[in-house]
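If you read the sequences in order, they're chains R and B. When the letters of the first sequence are read in order and numbered with our numbering, they come out as residues 1 to 355. When the letters of the second sequence are read in order and numbered with our numbering, they come out as residues 1 to 355.
Mixed in with the good hints, there may be bad ones.
To be verified - Just some of the chain B residues that point at chain R, by a computed CB distance under 7 Å:
(1) I39
(2) T41
(3) G212
(4) P307
The hints are simulated quantities; they were obtained by calculation from the structure and are not laboratory data. Nothing here was measured: the structure is a model prediction, and the numbers come from that model. All C-beta atoms in this analysis are idealised placements derived from N, C-alpha and C, irrespective of residue type, glycine included.
Protein chains: 2
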Amino acid sequence: MSMPRQERALEVAAAAGAEALLATQVSTVTWLTGYAPPIETGPNPWAAAPLALLAGDGPPVVVVSEDEEAAARGLGCEVVSYSGYGLGPIETTKHAARALRTALDGRTRLATETGTLPVAFADGLALVDVTDKLSLARAVKDGDELERLRRAIHVCDAGQAEARRRAAAGTTELEAWAAVRAAMEQAAGGRFPLLADFISGPRTAGVEGPPGARPLAEGDLLIADLVPRIDGYWGDSCATLCVGSASPSAWRAHTTVHERLERLLEACRPGVRSGELDAIAREGLRYPHHSGHGIGTSYHEEPRIVPDWETVLEPGMVLALEPAWYGEQEGVRLEWVVLVTEDGCQLLSQHELQL
Amino acid sequence: MSMPRQERALEVAAAAGAEALLATQVSTVTWLTGYAPPIETGPNPWAAAPLALLAGDGPPVVVVSEDEEAAARGLGCEVVSYSGYGLGPIETTKHAARALRTALDGRTRLATETGTLPVAFADGLALVDVTDKLSLARAVKDGDELERLRRAIHVCDAGQAEARRRAAAGTTELEAWAAVRAAMEQAAGGRFPLLADFISGPRTAGVEGPPGARPLAEGDLLIADLVPRIDGYWGDSCATLCVGSASPSAWRAHTTVHERLERLLEACRPGVRSGELDAIAREGLRYPHHSGHGIGTSYHEEPRIVPDWETVLEPGMVLALEPAWYGEQEGVRLEWVVLVTEDGCQLLSQHELQL
Numbered sequence: 001m002s003m004p005r006q007e008r009a010l011e012v013a014a015a016a017g018a019e020a021l022l023a024t025q026v027s028t029v030t031w032l033t034g035y036a037p038p039i040e041t042g043p044n045p046w047a048a049a050p051l052a053l054l055a056g057d058g059p060p061v062v063v064v065s066e067d068e069e070a071a072a073r074g075l076g077c078e079v080v081s082y083s084g085y086g087l088g089p090i091e092t093t094k095h096a097a098r099a100l101r102t103a104l105d106g107r108t109r110l111a112t113e114t115g116t117l118p119v120a121f122a123d124g125l126a127l128v129d130v131t132d133k134l135s136l137a138r139a140v141k142d143g144d145e146l147e148r149l150r151r152a153i154h155v156c157d158a159g160q161a162e163a164r165r166r167a168a169a170g171t172t173e174l175e176a177w178a179a180v181r182a183a184m185e186q187a188a189g190g191r192f193p194l195l196a197d198f199i200s201g202p203r204t205a206g207v208e209g210p211p212g213a214r215p216l217a218e219g220d221l222l223i224a225d226l227v228p229r230i231d232g233y234w235g236d237s238c239a240t241l242c243v244g245s246a247s248p249s250a251w252r253a254h255t256t257v258h259e260r261l262e263r264l265l266e267a268c269r270p271g272v273r274s275g276e277l278d279a280i281a282r283e284g285l286r287y288p289h290h291s292g293h294g295i296g297t298s299y300h301e302e303p304r305i306v307p308d309w310e311t312v313l314e315p316g317m318v319l320a321l322e323p324a325w326y327g328e329q330e331g332v333r334l335e336w337v338v339l340v341t342e343d344g345c346q347l348l349s350q351h352e353l354q355l
Numbered sequence: 001m002s003m004p005r006q007e008r009a010l011e012v013a014a015a016a017g018a019e020a021l022l023a024t025q026v027s028t029v030t031w032l033t034g035y036a037p038p039i040e041t042g043p044n045p046w047a048a049a050p051l052a053l054l055a056g057d058g059p060p061v062v063v064v065s066e067d068e069e070a071a072a073r074g075l076g077c078e079v080v081s082y083s084g085y086g087l088g089p090i091e092t093t094k095h096a097a098r099a100l101r102t103a104l105d106g107r108t109r110l111a112t113e114t115g116t117l118p119v120a121f122a123d124g125l126a127l128v129d130v131t132d133k134l135s136l137a138r139a140v141k142d143g144d145e146l147e148r149l150r151r152a153i154h155v156c157d158a159g160q161a162e163a164r165r166r167a168a169a170g171t172t173e174l175e176a177w178a179a180v181r182a183a184m185e186q187a188a189g190g191r192f193p194l195l196a197d198f199i200s201g202p203r204t205a206g207v208e209g210p211p212g213a214r215p216l217a218e219g220d221l222l223i224a225d226l227v228p229r230i231d232g233y234w235g236d237s238c239a240t241l242c243v244g245s246a247s248p249s250a251w252r253a254h255t256t257v258h259e260r261l262e263r264l265l266e267a268c269r270p271g272v273r274s275g276e277l278d279a280i281a282r283e284g285l286r287y288p289h290h291s292g293h294g295i296g297t298s299y300h301e302e303p304r305i306v307p308d309w310e311t312v313l314e315p316g317m318v319l320a321l322e323p324a325w326y327g328e329q330e331g332v333r334l335e336w337v338v339l340v341t342e343d344g345c346q347l348l349s350q351h352e353l354q355l
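Please construct the entire structure, taking both the sequences and the accompanying hints into account.
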């Protein structure tokens, strides 16, 4: 029995007049198959990026190097593999292209993501790009996806709690960061990819950035935006903490941003356009970025919460909501993740937001 | 004035009858331009992978989203950028393809890496695949590359020293690991991509793996293989430590592996084929993997040190040498990085190897 998201993927392919869907973005491969390839160290020099094929008559087929085969098995998919890293000559592209031909089994009319399909694999194929349609099809989550997202958000909660424990005068950003990531790894039971902003003091006015050698000082704000990928699904979370007592302007900004976030939770329900949420978020605030975004196998995905965006909320969508305020010398951003339900939304994040 | 590696790249393109070289692997882009894109969180959902174009009549041209533009500037390259993440509609593939056309400026006969060039960018281009030739061209390092490699190896040294301090009974792999990475981040001044094996006890017999919840116990071996990417270049290093007193079999294995590594350092000089090094490394040992490899903008690259490999060592090549031994319940691997000089080699790694 195929999952609802696989049905939606097949509809996208059928609407494009294709015989099958060929997923080429890592995030779409994970979405279709559950297989979460390693990403932390960039492209594998000895393997092509994984591909996934879905046709109406069987389970998804994953095309990976034999080094990834064990990880890709046991997910209800077929696996077609090609030779991986070994002691002899290696011809990755040739072997991967051949494995794809095996998986295609004579099919040539494909709906695919042409921005990430290597030209070396495309000979003789008739391709229709469905990147944008897949992006929308991925917005509503299945039950097993929600379970993975909850696990990822639990890891965020652990990191945010540790950030609160470590935000002390004299500690450098990098020292606090190392403790935060260690706490998240403890919660996850191992390593995982982690996108993050971890900035303090005047750096918070700059919206984003990695931790550096700067020591925290009394009165500093610290923005901790923690975005781990656990088992292929991204969590997201942001809090703004203060080392000691906050300035009056920081208090005011924090109060307004927090209020906007609460207001977003009230407004978030099926039928609302994401652009309407964006307008609610920005009332009385100023920030250069989105007011939020879907999360799933990408850390930013539909529905985008930006001005005038027309995506209509549906039950099963998972949104990260992140109103913010940035001044000359300090910034505040707060982010919680919610699940859109039949008649409103449910808060998935458990981390605290107080200054 | 172009760098020696750019001259070699142009020779590869000319030999293929091409008007220009189009680099599409992240590692080749970094090699040609110095630009090291972020890789730790997988493909950017709002940007195509970076491209670099080199023709005879000017500096390399980097094609990136405007979100990466600042990082790509100041490297002696031209930058052609396309719109990045923003509040309005985003059409990454279309805009990136258009930016590439701008960079190509009418050129269509290109030497390239077809295994990583998106099909959406290839319309109307006449492509010759030169992946293998570029791989060989990258093996000899320029002076600025050596400087970056030395910095990456310095970060390895810091991690290995910390592993030695933290390998104590009762500490879990994950706890020791967090301290090791924190020490490396201190040495580097920030975050960086990090490939690693960090395994203890019977897990060392399994060659590779990430740190887990296993507590270290008296008599355990710990394999710490630390491979950071600093500013686009990968360091590499491996030591095998013992918590307390090692078993006689571990001592014997360690002594033999260490001896082989010393022997490799004596043998390593211009004119030697890498397959000869491999044979020297394996004498009296058994392991399923290579005996070493080049490092640079990829963590594994030419010269591969595997049986019968014909690549001939040249001054300026940088090799990671890693003989090993794996038994039923324990394993030992030692790895140092050397620079091939005019008449031998120079040890770049500074970390200790004793058990």
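Going through the hints against the structure:
no., hint, result
1, I39, "holds, 3 Å"
2, T41, "holds, 4 Å"
3, G212, "holds, 6 Å"
4, P307, "holds, 6 Å"
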